[in-house]
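Each chain is listed here by its residues.
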Amino acid sequence: MNEDVVPVMRIGDTLLVALQGDLDDTTVIRIEEQLTREVSRTAATGMLIDVSRLTMVDSFIARVLARIVAMVRLLGAQAAVVGIQPAVAITLVELGVPMGHLDTALNAEQGLALLERLRRGDTGLD
Amino acid sequence: MTASSADGQDPQPRLRDLEAMLDALADHAVIKLGPAGEVARWSRGAQALTGYTEAEILGRPVSVLQTAEDRDAGLMAQELETVRQHGRREFDGWRVTKSGERFLSHITLTPVVGDDGSVTGFVKVLRDVTESARTESLFHALLESAPDAMVIVGPDARIVLVNRQAEALFGFERDELVGQEIEVLVPTRFRRDHFGHRSGFLAAPQVRPMGAGLELWGLRRDGTEFPVEISLSPLETAEGRLVAAAIRDVTERRETEQRLQRQRDEILELSTPVIQVWDKILVLPIIGTLDTLRATRLTEGLLDSIARSQAEVAILDISGVPTIDTQVAQHLLKTVQAAALMGTVSIMSGVRPETAQSMVHLGIDMGRLRSRGTLQDALQLALTVLAERSGTAQTAARTLTSGEPR
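Protein chains in written order, with the numbering used here: chain A, 1 to 126; chain B, 1 to 406.
Hints are computed from structural coordinates only; laboratory data are not their basis.
From the three backbone atoms N, C-alpha and C, an ideal C-beta is built for every residue, glycine too.
Keep in mind that a hint or two might mislead.
Here are the simulated lysine to any residue pairs, SDA-like style, with alpha carbons at most 25 Å apart [unchecked claim]:
1) B:K334 x A:V51
2) B:K334 x A:M9
3) B:K334 x A:L102
Chain B is nowhere near these chain A residues, computed Cβ spacing over 10 Å in every case [as the list claims (entries may be wrong)]:
4) A18
5) T27
6) R30
7) E32
8) E38
9) S40
10) R67
11) M71
12) V82
13) L102
14) Q110
15) R117
Just so you have them, the derived chain A footprint on chain B, three or more residues with Cβ under 8 Å [claimed, not checked]:
16) 97–109
17) 294–308
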């Protein structure tokens, strides 16, 4: 399957992905296929995953995000999640979903700065 | 052989039967009057009701039973004339017994027509309705004096009775309501549900408040709605099962409740302020004890401010918190974690020596949360973090690293 399921935008060496809509198991697999293919094809060194359009993020989505980040890292790129909404953040904390290993930023601009730090091997202060 | 004996009955026993039947009507006075209103026959019930024996009253005008005023007004002659012209009439009127006692009487007056079509006399039937009239007027007085609007509906859910308060509350005249279905007082959007609820109540009637836990609304004649509280009670009557609904306008109370809620919200808002002290730096001064409700508001308030201002650093100043126990620490940690998920770094400030001691003694682990003794130091750290993050000051990163970990 080679069709794109999510819009991917390229800014320099960074790919910007916006997740939206309902994410079921099949869609998630296709997103993973598409994103790994894109990183490999473009030789990008960083990826920002924008989740600001996701109003409902549960432990399933949290695991999906962790999986995508791990895949991207295996391909030699850095990944960060941007745009987690207040209600989503509260829900994830209340659910006790472990998110400590995820690098997050408020918006795309700060996300790009975060990726820059990650690329320099500086793990930042988080 | 006469005509009457053809059906196997002698006229004499038959008459006796009729008389016996008449006399058996103990609570009805049955009186046969001559064409001028003089008493021609007098049943046993008539004697029981009025106290006059047949011997005393035969031949006297029936107006002896009337009150003096009615007699002086010539009411009997009028009644007889009306019935002579228009036939049988029913009416209520006050009558007087032999001992001078007044009683309210339900009266049926029927003309007796001879073979030639002329009225040869009258039959008058009286029944004492004083007691039921008294009960009814007592009931009405009670209904009218009730502080609540009262609406009484029949088994078909049509309105039977309303009191003055109900007229005033809903803006309808009594006549407009009586005979209507009760739903005329229910806002349109609730009517369908109300159909179901009312048949449920009629199936298992008991005294209870209506719609427990729901906000109920009444509909005025002018289409406006108002919040109400309704209690229902079943009434078993000769006309079947009625339901009395006492309706109270609770606009004022609802408003007071809402005002109280608003004030509570405002106090909470005031007690958890978020201050933007610098570009991308928020300070959250926490003052007083943190309970779960306040902690929730605090978290929401901070995250909303972060979303609005896109601040990268949040300083949680706890110098105003008397004690940090396990629960408060838990609340603070959750806030820090949620802010971190959004991409904002938190710094704690204002930890006093005794607070630091008790926190460690309690085994409270604040994880990787950085802490500073004073707000000033925390602000300094925040600026360093910002500089490091924007990558403009390499030295800042080094300064910071030498200061870490705590």
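Which earlier hints can't be squared with this structure? 2, 12, 13, 14, 15 and 16
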